[in-house]
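Turn these sequences into a full structure, and let the hints steer you where they fit.
Chains R and V are the protein sequences, given in the same order. With my numbering, letter number 211 in the first sequence gets 1364, and the count goes up by one each step, no holes. With my numbering, letter number 129 in the second sequence gets 1282, and the count goes up by one each step, no holes.
FYI, nobody ran anything at the bench for these hints, they're computed from the structure. It is possible that some hints are incorrect.
Treat identical chains as interchangeable: a pair holds within one or across any two.
Below 30 Å or equal to it, Euclidean Cα-Cα: the simulated DSSO-like pairs (lysine-lysine) are [said to hold, decoys possible]: (1) K1229 / K1277; (2) K1313 / K1178; (3) K1178 / K1229; (4) K1229 / K1313.
Being a predicted model, the structure only gives us computed values, none of them experimental.
2 protein chains.
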Amino acid sequence: MAVKEISQAVIGRLPRYFRFLGELKDAGVERISSQELSQIMNVTASQIRQDFNNFGGFGQQGYGYNVEYLYTEIGKILGMDKTHNLIIIGAGNLGQALANYMNFERRGFIFTGMFDNNPELYGKKIRGMHVRPMEEMADFVRRNNVDIAVLTIPKTSAVKVAAQLTEVGIRGIWNFAHVDLEMPADVKVENVHLSDSLMRLSYMIGRSDENE
Amino acid sequence: MAVKEISQAVIGRLPRYFRFLGELKDAGVERISSQELSQIMNVTASQIRQDFNNFGGFGQQGYGYNVEYLYTEIGKILGMDKTHNLIIIGAGNLGQALANYMNFERRGFIFTGMFDNNPELYGKKIRGMHVRPMEEMADFVRRNNVDIAVLTIPKTSAVKVAAQLTEVGIRGIWNFAHVDLEMPADVKVENVHLSDSLMRLSYMIGRSDENE
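The following block contains the structure:
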């Protein structure tokens, strides 16, 4: 399917469509109208139709969309029909938590290696992976077809490590370090800035106080 | 300061302004123009001015903004001049990772308790907190002025726990469970859907492949 320039906002909503459609599919629902989907997802039906029109509309006809088809097509757009090999850099609590999260694997994200610069962690086994020294990272990425690196390291080292990853040809960085990484256009970065998220929650609570 | 209806997009950007201004302040920078800030942050100067105008503009005059003043004011808008008491529900890897993350405390987010429904974890000490049984949660929230609950539990139990939290008067939920919570208007929810984030990265990598 030829996909033209899609806005970040639309892309941001695709995983949520995928999640709800997966739940409908698992519940045995075969067809759904944009009105029904709208009610379940708490967005307007016109928003849903607009979003889907970016990808050719997914053939709504007669009574609504075919759930399984829609789920599969959105999954393909998100690359869920492919697998990705990941490494985790930073074997602390967060790195270990992500390594142990089974659901990522179900989606085709395969954790293949874990790296740290703390010698005390070398050899420690986390979900079947031994923690390796950073010096082995470049070689490991090349040998194991790794395309995504997860950064769960402090921001002070994240910039340097990201540069090393670019050199060895990484395709995407899932960045938990609290810093914005400036990468070449062919290295994609998705940030999870946890502190920023917590601050947004604090803002919403504060606004709600003012309105009382 | 009277703050009127601010769009989600602007709110989403505030923590990033706060972070960059904090770094400028720590580096000893006293004044900065919107043009300079624009270059550092990789957004347009007019976007910055528009965003700031939502809050009265922060008095740019002569040569740019006063960094410390801007940092303090944006911090106040985000509620960084107040403290919040948090509990973590779900003492697994992710809950433990968040409990151990020191930076949240520096921003006034104080972890006061940790809960789980797995008896094997009861009494386990994580960053000075003993893991408590879920039955003690309601009483703990009331006694300790807890206003934010962090949900690091599976989606199957998240909806039920969120309802319990609403009953005991929680103000905000930082939700890591992979489900959208429908809460009353006075309970704010900030979602961190890690799978959705990873799917966005997968999408960006896939799009980049097509353009090669």
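Structure-based check of all given hints:
For a Cα distance limit of 30 Å, the shortest separation of K1229 from K1277 qualifies neither inside one copy, at 36 Å, nor across copies, at 43 Å. With identical chains, the CA atoms of K1313 and K1178 are at most 30 Å apart between copies only, with a shortest distance of 23 Å across copies and 44 Å within one. Proximity of K1178 and K1229 under a CA criterion of 30 Å is satisfied intra-copy only: 16 Å inside one chain copy versus 45 Å between copies. Taking the shortest alpha-carbon separations for K1229 and K1313, neither the intra-copy value of 33 Å nor the inter-copy value of 33 Å comes in at or below 30 Å.
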